[in-house]
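Mapping of the sequence shown onto the working numbering: residues 1 to 256, in sequence order.
Bear in mind the hints are in silico, worked out from the structure with no lab data behind them.
For glycine and all other residues, C-beta sits at the position ideal for the given N, C-alpha and C.
Among the hints, a few may not be true.
With beta-carbon atoms standing in for the labels, derived distance ranges [stated by the list, open to error]:
| no. | residue 1 | residue 2 | range |
| --- | --- | --- | --- |
| 1 | VAL210 | THR77 | 22 to 30 Å |
| 2 | SER68 | VAL97 | 17 to 25 Å |
| 3 | VAL213 | GLU116 | 54 to 62 Å |
| 4 | THR145 | GLY60 | 33 to 41 Å |
| 5 | THR77 | ALA100 | 28 to 36 Å |
| 6 | LEU222 | ASN49 | 29 to 37 Å |
| 7 | THR77 | THR145 | 41 to 49 Å |
| 8 | PHE172 | GLN253 | 35 to 43 Å |
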Amino acid sequence: MTGGSSLAEQMTEKLLETCLLAGKIMMESNAEMYRVEDTMSRIALASGNYRLVSYVTQTGLFVGIDQSSTIRMEQITNRSINLEKVVKVNNLSREYVSGAMDLDALLRKLKELDKERIFFPIWLQIISAAVISGAIMILFGGTFTDLPITLAIGGIGYSIYLSGLRFFRIRFLAEFLSSLFIGFAGILCARIGLGISEDMIIIGCVMPLVPGVQITNAIRDLLAGHYLSGVSRGTEALMTASMIGFAIAFVFQFLG
């Protein structure tokens, strides 16, 4: 009986470790709360009809097995937008549920995925931000005459944002400084004749900073009944939008 009980406890510990790691990777990659809970529950059910009890917030994961005293917790300290990791965790969980791999293999692959740093190169992020800025400026009614200066301001503004993240490690301050530069550059370039519409230039350049993913996830969490995470994500998105708005308003007030 003792040996069987010990094996059951080891299985439970390994299952909780696997579920926590899968949830941690997804939360750090900005997945929706209901997706995190659903993925962990499916892994538990496929491991022998275990019913997982979980509580997920933006800063921590709490999981346990129903009718068991074993509870594990994982703190979430870093969050970024990395949908590729979310897709990879989903694919691994589907393979496990279908029986293509065992729990040990799933845990090993999740640990390998957790160590991966899947990000596009910084130069590609800056170029992408510049292209998005120019495209949005045109879509909002700007002219092709403003396209070169919009590409330049958008790229430099996003590079300031990335540099601010590394130096200050406070995302809201980095967004404020980047928006401040975009506002000053857009207005000054329009006044000295390098651009025509300062409004369209500024709108296009701040678009890469707009928290579209956070707003979408907040709404999806609210619709799924995760009111705490939905409100917290919505508040975070509101703070980001406020930093952008305060910076642009300050520039207009300062330059008159």
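Checklist entry - SER68 and VAL97, beta-carbon distance inside 17 to 25 Å? => result For VAL97 against SER68, whose Cβ atoms are near 21 Å apart, the range 17 to 25 Å holds.
Checklist entry - Is the distance from the Cβ of LEU222 to the Cβ of ASN49 consistent with 29 to 37 Å? => result At 31 Å between Cβs, range holds.
Checklist entry - CB of THR145 to CB of GLY60, is that within 33 to 41 Å? => result 51 Å, violated
Checklist entry - At the C-beta level, are THR77 and THR145 separated by a distance inside 41 to 49 Å? => result 46 Å, holds
Checklist entry - Between THR77 and ALA100, does the beta-carbon spacing fit 28 to 36 Å? => result Holds, since THR77 and ALA100 (Cβ atoms, about 32 Å apart) stay within the stated range.
Checklist entry - So the hint says 35 to 43 Å: do the beta-carbon atoms of PHE172 and GLN253 match that? => result The hint (35 to 43 Å, Cβ to Cβ) is violated, given that PHE172 and GLN253 are roughly 20 Å apart.
Checklist entry - VAL210 and THR77, beta-carbon distance inside 22 to 30 Å? => result Since the Cβ atoms of VAL210 and THR77 sit about 25 Å apart, the hinted range of 22 to 30 Å holds.
Checklist entry - CB of VAL213 to CB of GLU116, is that within 54 to 62 Å? => result 20 Å, violated
Checked against the numbered hints above, the structure breaks hints 3, 4, 8 and satisfies the rest.
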